[in-house]
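Q: What follows is the residue order along each chain.
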Amino acid sequence: MEVKETYNGKIREATIGLGDTAVTVGGETSLPLYMFEGTAPNKPVIALEVYDTKPEDWPEAAVAPYADVLDDPVKWALKCQDEYKADMICLNLASTNPSTGDRTGADIAPIVKAVSDAIKIPLIVYGTANADKDAEVMPKAAEACQGKRALIGPVEEENYKTVAAAALGFDHLAAPHSPIDVNIAKQLNILITQLGLAPERVIIDPTTGALGYGLEYCYSVMERLRLAAMTQNDSMTQMPMINQIGREVWKAKEVKTPEADEPAWGDAETRGVLWEALTATALIMAGSNILVMRHPKAVELTRQFVAALTG
Amino acid sequence: MSKLIATSAIRGAHSLYNRAEAAYNAALAAKGADEPVSFPDTAYYLPVAYALLAIKVKTLGDIKPVLAKAKSMLPEIPAEGAWLPYLGNTLDSGIAALLSEEIIEAMKYVMGPNPVEGIWLGATDDVIVRTQGIKLVDGSMPGFAAVVGAAPTTEEAVKLATELRERNILLFMAGETDGKTMADQLNEAGVEMGWDVYLVPFGRDISAAVYALGVAARAAMTFGGITPAGMKEAREILMYNKNRVFAFVIALGDVDDEKYATAAGAINFGFPVIANTDIPQILPTGITTYEHVVSNVPLDKIVDTAVEVRGIKIKITKIPIPVSFGSAFEGERIRKEAMFVEFGGQKSPAFEYLRMRDMDDIDNGKIEVIGPEIDQMEEGKAYPLGILIEVAGRKMQSDFEPVLERQLHHLVNGAEGIWHMGQRDMNWMRISKSAHDKGFKIEHFGEILKAKLMDDFPAIVDKIQIKLYTDADKMKDVLEEARAAFIARDERVAGLIDESVDTFYSCTLCQSFAPNHVCVISPERLGLCGAYNWLDAKAAHEINPTGANQPIIKGETIDERRGQWSGVNELVRAKSNNSVQKVNAYSIMEDPETSCGCFECVVAILPIANGVMVVNREHTGETPVGMKFSSLAGSVGGGAQTPGFLGVGRQYITSGKFIAAEGGFKRIVWMPKELKEALAGQLKKRSEALGLPDFVDMIADETIGTTEEEVMEYMAKVGHPALEMDSLLG
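Protein chains in written order, with this note's numbering: chain C, 144 to 454; chain V, 621 to 1350.
Extracted from the complex, chain V is given alone in its bound form:
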């Protein structure tokens, strides 16, 4: 805590208190204690006094206890070099300052001059608070800024106002610097002001800044449903503001004592102060979410700094690209004849790579094209394109990099006339002639990704910058880095085993049609739909804490071999409406996991062959179990435990935990050719890891037979290991 700030704030509070007391005494002498006092059209009396003290001021007489409370909160002004004041003292003086300012303003309504005069709007009525409050709650207005003082020049004032308005941040103005206010500056420049345009001039006096806190206090009472009654409710109102009203103070020019005192008041609401002058900083966090006072910020960086320090999320409503955007365009194909240019697809070097950076390393929102733009490209040709997305966020984790990176496919495809497939350094993109005719440029890839990643993942993405490399030489280094990162990620995923974590995730997305089904997602067993692995579920939970993916603390190990834990059982019991009591994550025979209906594959036992077959959804032919996929699916799904049958995601087949309780991977005796080919690489790797390099060829497929007898003949011929294993039926 800076002593300088503390001393100034305390001095400022004394000065404001003295002014309030003088104004009050004058009004009392002139009008008497029964004279009504109110701000126009509000049911919240003097809102700050009501919110913090639960005092309903209706007459001059009612102000007396408010003044007394303000006085009681005034700390002594610290003597030079005597002692170091506490943060608490400064915060108290802030509250005293706000109470005093509200009285000063209220006395203007009683005695004049009317605060509503010329450009000044004075107190805010309840309807405006409600209407603007809806925007604060739904995020279309990400927050508000209270500016005290004036910018160095009129041009800079206009620029600051524009920057805030571009972000839909409401701007309140009060207080002057050397006789000038920011509202004066905007007025001189001919900028229209008012609630509709998000520029609200409260008053020339610093005391008018209290109207901003009056709005904040009423937002908490209206939208937080808090009725003032005492200290507890006052605290709730302040906490509501800290957690939900994303406001901050911009202090321009010299910060005098009264401004310090007002700023200290705002800090009580969790609103940090950003200054363009060299005032002492208060960086440690505590009352506000992040830093308290950040100073010496150049005017052109002040909005970005404020947004970062207050943790404000800006909602992008329309992506600034010249073509339409929406999921309707995702399925669109672009044939060679309709294509203007293409990138990647073995025709030119290309990649997409998303990585996490530190907050300070990101110039938020910056999109850079490194190399030629589209106007220097010729129709029908292939060009290099490297997409490097860098994000930072207070809750970002490196594990979320691949989750976010994978979004790129559907995000880029969402633009009309743009086509994308593949991933990492094996991607392939096309821009159609029609999109090019409409003016689509390389930089627009950046606009799409910036807008959508910020908008869809506000919980984890605070800042983003995007580099688009169209110059093969300049992308080389980044491409090398990306490749190294891809290898590292794969190793991380490969190294992620069930034993290495203490938390799994549930998935109940399918409960609308399979009410009792719960997927238990572990590092080695992804969701049976194949869409959610453990990292996805972890990220999904971070992004949407109330959603379908909830963490499961494994708890006590009940059966290591079959994969049964106390925490998993408890969760499954609760989420399955008590219909499933226990599950074995690694068993097909005993208490297996249930299936919804979305599984990519069905695993079924072939008892005579002493093994299992796997059939994928796409396979329409007969299978050795005597049923086609469609009939099998009918008997497996619906959220019931069906020993002998299991719905699984493709990637689980080559997992180390694949029906481990029954001997695992080596039990597989049959799968369709198509599935074998699709998983060829992984199957081979898994076979080799088990010391059976030729195992894949021992798995029969439909070209060898579709009856259990045929499969067994083949097994005998190739010497399938399942023949030597313990009987499946025990």
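The following block holds chain C by itself, in its conformation from the complex:
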């Protein structure tokens, strides 16, 4: 006998970018990948990370695929688009972090503009999750890519009015970021929609933990958001979700340590790629819609997984 659950909820569809290259995510009518109980019109998509300055703390395995472009965000983004076939670009404004560069919104606006003008695929722009600093930087970033319908994040409880207003004013989407907390995730959604942002322009960032670094905690919060969305028809949890996987995975000790230091752990690149792909696949099962990743080989593995599951 076949036992099927019927759900009264549905995840909203959200479209990032404009025109032919726009990407639509969400739309599921069942729990993640329960294809026997509902439909998932849009597959999970993968965004590749680009940084506004050359990263100094990346392990060799992560540097290698981008070695020739790391100091030029535009070339880097184009490489991700053209060579690694990213669905989207996630531009991280790491240099605005007050403790590592403290660049201003005016400093990074030209970079955001240059990247957004250069690429054809949709853009995600992320600040450093420093609430005060992002409140200064993100309106400038949103202005610099106006007209592109980008995804702007993270929107924090402490700065949601400013950052979400920037997304609202310059016609982008917003990614409210909650600290692994269903209540705050939901409350932030309520607050930013009350601000005037349509729920179709909201993507939840539930906070990502890498394998071995809180993945299971992150997984259960996402699972709970999806349960609330599907079984309780809770409108304020029915948004697609985004996970910042690359930056979490590639700072884990097990990923960063070179083979020379821990010969028993084996090849560092294989280790890092598997670590990232495993984190990504677990989060797809938890309901992730946008996976922000770093290593092209991990992306490839994740794509194979998506193809195998969704046909």
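It should be emphasised that the hints constitute simulated quantities derived from the structure, not laboratory data. As the structure is a prediction and not an experimental result, all values here were calculated from the model. One should not assume that every hint holds.
Simulated pairs of lysine-lysine, DSS-like, Cα-Cα distance not exceeding 27 angstroms [said to hold, decoys possible]:
#1 C:Lys283 / V:Lys933
#2 V:Lys1293 / C:Lys304
#3 V:Lys755 / C:Lys283
#4 C:Lys304 / V:Lys933
#5 C:Lys222 / C:Lys186
#6 V:Lys1293 / V:Lys1305
#7 C:Lys304 / V:Lys1015
#8 C:Lys304 / V:Lys755
#9 V:Lys1001 / V:Lys933
#10 C:Lys283 / V:Lys938
#11 V:Lys938 / C:Lys304
#12 V:Lys755 / C:Lys256
#13 C:Lys304 / V:Lys1072
Position chain V against the provided structure of chain C, taking the given hints into account.
A: Below, chain V without anything else, positioned relative to chain C:
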């Protein structure tokens, strides 16, 4: 509705319409109907016409229906003494005036002279609207003021501009008084103007005031996501402005007909008018949030009045004190050797008292030190300090007084080098030597409290003034008043029983780790963490309506003795993700409330002793139930109903409703000595109220025994009432 205002506004609208029509006809004759018309760099056409009429003006020809609409809205000018015009007529003439003004300005872009000239900036482009709009939405710019006319003197103009800028309020300027404009005055005084400095001169003609409404209309379309289509959307745009764009009009000098008409237009957007001259007032509220027209306000009070009438909340970004402020400093201790002076702590008279006043009784932002300042104090000594905080707010309630007053502890402690403990007239504060060296003064207590209370509680605090008494004689009367208020408050809380209210509050703050747990907070049962009582939850809901504390209408009483109501069950069912179907608020045995994990104490039944024990979190030793607190906590928490066990806040122990279904307070047979001592006063009071004055001594503690047998021996010895009660297990 003042007839004088109505008549003037209607006359002004006629006059503006005639000017618009003349300018339009001239342009049409010179350039033809296909001549393009636009304001620079905007996708919103002529924004007021687009917002209100959904007409996209691209050419001169497109203006025709706008003019026709303006004309159709023009009421007849009332004859002298003939009839009393309606508010509606005046508002219509305001819309006609704005549409006409926009056409007048647009014709300047077609025919010249260019509105952008000298100090004048003319129309605003979309990027500026978006950038400034973000500040309006996030509150860093609390609102904007449109000034029409000129101040009596240049000095007063500069002062007004400064006062508005200090509050981050954007200032738009248009229109003249006797040939002079406020922008001229600022220019003469050498004040730099422009969008970056929040001083925006639109134009000399009153018609340039329409640019302010164009900004407002576009803010609603951009940030409110409203696309004009007809009357419904036009109304939404006006409502968006009323509810979210905190703007107001300051009318300076003589108000002529055209200015009245423009003001009537602004009132449609919910923007009230504040005038420094003696024009008729329109006080009843309706279109605007509060009053419509307030007149004869002295220039130095005009900003405060405007802020109050429009309900503007000013965000204080930095507290003006010479030491750092932040939660990082809250835990700091100041030892005697590091102390400069101290207040209270039995060494000198001191108190802190917050009370609600009427709006008019408060001189907003005033901080007064009554008695000597710190520079007249000697190192190492104790001085009197009475802190009287007076607040007013349209949504303030006297029940919120203690909630706000209790904030004082963590707010004062947030300042580096300042230490606070206690409350009411039993407080104790120290200023460290290092804070004194940096220049910390008594008045800075006021600065901290003013900034933080306004900033943290904008929903309920509109105005605040603070008096700091350092003179023992002068504080006497206030101290007496405060003490009377404390007694009254205690009586109010004591008189608050579950039966006296129809609304409880839920608390789901802990759902991040106990997903199915809901606290039901009633007057006689506070949250199990001890941090939220019914008044706190009520205030928290008022302050943050979307937060974790939601009102619960009790609904039908299902079981009075056990404390079960239909409304509570419904809410618990919904908020517990359907895992808890019903709860009894007063029972430990049958459908008890769930626990998250934050409880201050665990109550557990001792079946053989026919009673319950209570153990507090701090107690690390064994308990008669055979488990330490830590193991007990593990079996009680997590949001499940566990009959026989209950997580509670300390204050619930002496509540009249404490496990009332099972016989209540008299069931307590054991609790740690430390808890007994901490609650000594309340336990005694409750015992006496039950007619058992010696009951507290009948409760065993760890010095008497930590096994159920030992407890029972003691109960038999002292004649504990639980021995005579019905069996707990039924």
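Q: Now tell me if each hint is right for this structure.
A: How the hints compare with the structure:
With a CA separation close to 25 angstroms, the supplied pair C:Lys283 and V:Lys933 stays within the 27 angstroms bound. The suggested pairing of V:Lys1293 with C:Lys304 is violated, with an alpha-carbon distance near 50 angstroms, which exceeds 27 angstroms. Distance hint between V:Lys755 and C:Lys283 is fulfilled; the C-alpha atoms sit about 12 angstroms from each other, no more than 27 angstroms. Note on C:Lys304 and V:Lys933: the hinted pairing holds, with a Cα-Cα distance of about 15 angstroms set against a maximum of 27 angstroms.
Distance hint between C:Lys222 and C:Lys186 is fulfilled; the C-alpha atoms sit about 23 angstroms from each other, no more than 27 angstroms. Under the criterion of a C-alpha separation no larger than 27 angstroms, the hint pairing V:Lys1293 with V:Lys1305 is consistent with the structure, at around 17 angstroms. For the hint linking C:Lys304 to V:Lys1015, the alpha-carbon distance of about 22 angstroms falls within 27 angstroms, and the restraint holds. A threshold of 27 angstroms between alpha carbons decides the hint, and for C:Lys304 with V:Lys755 the separation of about 9 angstroms falls inside it, so the pair holds.
For the hint linking V:Lys1001 to V:Lys933, the alpha-carbon distance of about 40 angstroms lies beyond 27 angstroms, and the restraint is violated. The suggested pairing of C:Lys283 with V:Lys938 holds, with an alpha-carbon distance near 22 angstroms, which does not exceed 27 angstroms. At most 27 angstroms may separate the alpha-carbon atoms for a hinted pair to count; V:Lys938 and C:Lys304 meet this at roughly 18 angstroms. With a C-alpha separation of about 22 angstroms, the suggested pairing of V:Lys755 with C:Lys256 holds against the 27 angstroms cut-off.
Distance restraint check for C:Lys304 and V:Lys1072: the Cα-Cα separation of roughly 19 angstroms lies within the 27 angstroms cut-off, and the hinted pair is therefore satisfied.
Hint check: violations occur at hints 2, 9; the rest are consistent with the structure.
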